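Enquirer: Here is what each chain is made of, one letter per residue.
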Amino acid sequence: MLNLTTLTSEGSLLVMHLIALVMILMLILMSLRIVWRVEKQLDTFFKLLTLAFFLLFIIQLMRVLVAAEIIEDSLAIDLFRLAPFIVFISALLKMNALIRKLDKEK
Amino acid sequence: MLVLAFGCSIVISIARLTAQQNGKNADTTTFLFYAAFSILMAMGLSIHHYHRQRHVHHAILGTMLLVAVLSIFGIFIILMQVKGASSTLFSFTINDPSTASPVTSEPPAAITIPGASYPVAYLGEENTTPETAPEVPSATLRMKLTLTDGSIPEGGTATNAIFQNKIPAIADRRPVFSGTTGIPHTLVFLELQRENGLTITSSIETDDAGEWRYMLAEDFADGLHTAHATVFTPDGGAILGTVFLQFTVGKPALPSADEAPLTPTESSLTAEPRTTVYVPRSLLEQRQVLFDIRAEIIGENKSNEIHPGDELFVQITLLNIGSPGYLVDSTVGYRLLDAAGNEYLNEKETVSVSTQTSYLKRFKTKPTMPEGRYRLEAVVEYADTEALSYANFSVTGVPVIALPGGVKADATILIQILTMTFAIAVFIAYLEHREVELLGKMIHQVSEEDLQKSGLIS
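Respectively, the protein sequence lines represent chains A and B. As numbered in our numbering, residues 51 to 156 make up the first sequence, in order. As numbered in our numbering, residues 289 to 746 make up the second sequence, in order.
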């Protein structure tokens, strides 16, 4: 049975943050594979996605360091958490514009 | 540049491993910076030299593999040295009898004042008749006031037989109180009364020579202050005597001759001929002491040394002296301070006390705490009085972090794991990029038109 007390202990929290960090690295690697194989506006879209994943990686790295109490959680870190979402929105706007162009929408 | 990147990776990794094996604390920030620098340098060189020199590929590949292998080796060594530090969990205990107040294991003790015909408080169950008062050994109790520069102002000494000859006026707001009881391990209950202000109480145990020393953690306010030191026997069962000192901080504020006269049980102090000085009775004498608090650090080593990031276990004992037997809510505050007075922790909680409550409190320190001496203050507040106790400890050694299962490990293992993960990711990315570049014109770069042609987009 799942023991929530164990999961929320300091050590377990750190391990979960590390697992998330590895997963984000896998996201970066997979998006890089695509970036190197596409061009034009598709390339731009995936580059934006990769940038967003990279920002997520930095944020997750900070979370790991905060969980290990090496650095303090601060307002600057909270504000930085907004950055990947801005890039995600930019990427989706780019793809939306591309689809509308290919569909010859006015 | 490539050689520099190589050098950084190899030298740092080897230095790191050497420091680990020697049990020294390497600067993790520096390590992280240089490791990141070397890897980023290698990445940059990989892109820059990719089309020029084939042997550069092998060099970068070798660097990445070396960092990864050394990181794995470092983690293996650290895991072999995983230490439990002082993190052994202790059971939560309530009403554990302490040496200061054996209320549960021995007959209730009475707090009496020499000269008084009645005890001022009982340490035991309500309405229990105290045993015959223990014989109080004779002792000369001394107390003195020492300024920060080490000098003793005129009138800054007193004993329980000879009162101070003058009330000193001092500008120093952090004087040190010290004294001797002549008996080792007696309990000194110190009351610092400010005229019309807050009273701070604290209990101190004398050392093997029967001496004690106390300095308030905050500045004294302007005005007249009275320090009462009531000395108990080591088991807290009887009072050996009381000694007091008065002093003025800031401008002298001697009271007028018309102020309250002395009562038969009060002690008097004559500073000038025909000048009567009112000495406020101690809280113990007035039966206004509601609580006493004691904080004792519990750990595997008796020198009270912990690692940065380790847990601190403190046994807090609260004594309801004023109204034993009645359940009273008290607010207990905890502060963690370094030698310079910087605050690292400040929290409060409410604790109900009937006669005596003893509980184990766990405080988590941070891995970034600098080495040095620290003090944990425990304060219980009630009415206009604060009862204060503190315990000293040292933070030393390598920083540790908590791992699952309650295990503590060297904090640099985290840096090793991050470095290894990052190095492996960069290595995989490099291989992937290399594959794409080698294929060159053989692979078709997909564009949005291709998606349309293949029917993915209408």
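In case anyone wonders, no lab produced these hints; they're calculated from the structure. Since we're looking at a predicted model, the values are computed, not measured. Treat the hints loosely; a few may be bogus.
As the list claims (entries may be wrong) - Cut-off 25 Å, straight-line C-alpha distance, at most; resulting in silico cross-link-like pairs (SDA-like, lysine to any residue):
no., chain 1, residue 1, chain 2, residue 2
1, B, Lys636, B, Ile585
2, B, Lys432, A, Lys97
3, B, Lys652, B, Arg623
4, B, Lys654, A, Ser62
5, A, Lys97, A, Ser62
6, B, Lys654, A, Lys97
Said to hold, decoys possible - Computed beta-carbon distance windows for the label pairs:
no., chain 1, residue 1, chain 2, residue 2, range
7, B, Gln740, A, Ile139, 38 to 46 Å
8, A, Ala147, B, Gly694, 51 to 59 Å
9, A, Phe135, B, Pro692, 54 to 62 Å
10, A, Ser124, B, Asn680, 52 to 60 Å
11, A, Leu125, B, Glu637, 49 to 57 Å
12, B, Ser642, A, Leu132, 21 to 29 Å
13, A, Leu132, B, Asn630, 49 to 57 Å
14, A, Ile139, B, Leu726, 52 to 60 Å
15, B, Lys741, A, Met73, 57 to 65 Å
Think of the CB as a built atom: it goes at the ideal place given N, C-alpha and C, for glycine as much as any other residue.
Enquirer: All the hints need checking, so say for each whether the structure fits it.
Expert: Do the hints match the structure? See the list:
| no. | hint | result |
| --- | --- | --- |
| 1 | B:Lys636 <-> B:Ile585 | 18 Å, holds |
| 2 | B:Lys432 <-> A:Lys97 | 75 Å, violated |
| 3 | B:Lys652 <-> B:Arg623 | 12 Å, holds |
| 4 | B:Lys654 <-> A:Ser62 | 17 Å, holds |
| 5 | A:Lys97 <-> A:Ser62 | 34 Å, violated |
| 6 | B:Lys654 <-> A:Lys97 | 39 Å, violated |
| 7 | B:Gln740 <-> A:Ile139: 38 to 46 Å | 25 Å, violated |
| 8 | A:Ala147 <-> B:Gly694: 51 to 59 Å | 54 Å, holds |
| 9 | A:Phe135 <-> B:Pro692: 54 to 62 Å | 31 Å, violated |
| 10 | A:Ser124 <-> B:Asn680: 52 to 60 Å | 31 Å, violated |
| 11 | A:Leu125 <-> B:Glu637: 49 to 57 Å | 27 Å, violated |
| 12 | B:Ser642 <-> A:Leu132: 21 to 29 Å | 52 Å, violated |
| 13 | A:Leu132 <-> B:Asn630: 49 to 57 Å | 32 Å, violated |
| 14 | A:Ile139 <-> B:Leu726: 52 to 60 Å | 36 Å, violated |
| 15 | B:Lys741 <-> A:Met73: 57 to 65 Å | 34 Å, violated |
Hint check: violations occur at hints 2, 5, 6, 7, 9, 10, 11, 12, 13, 14 and 15; the rest are consistent with the structure.
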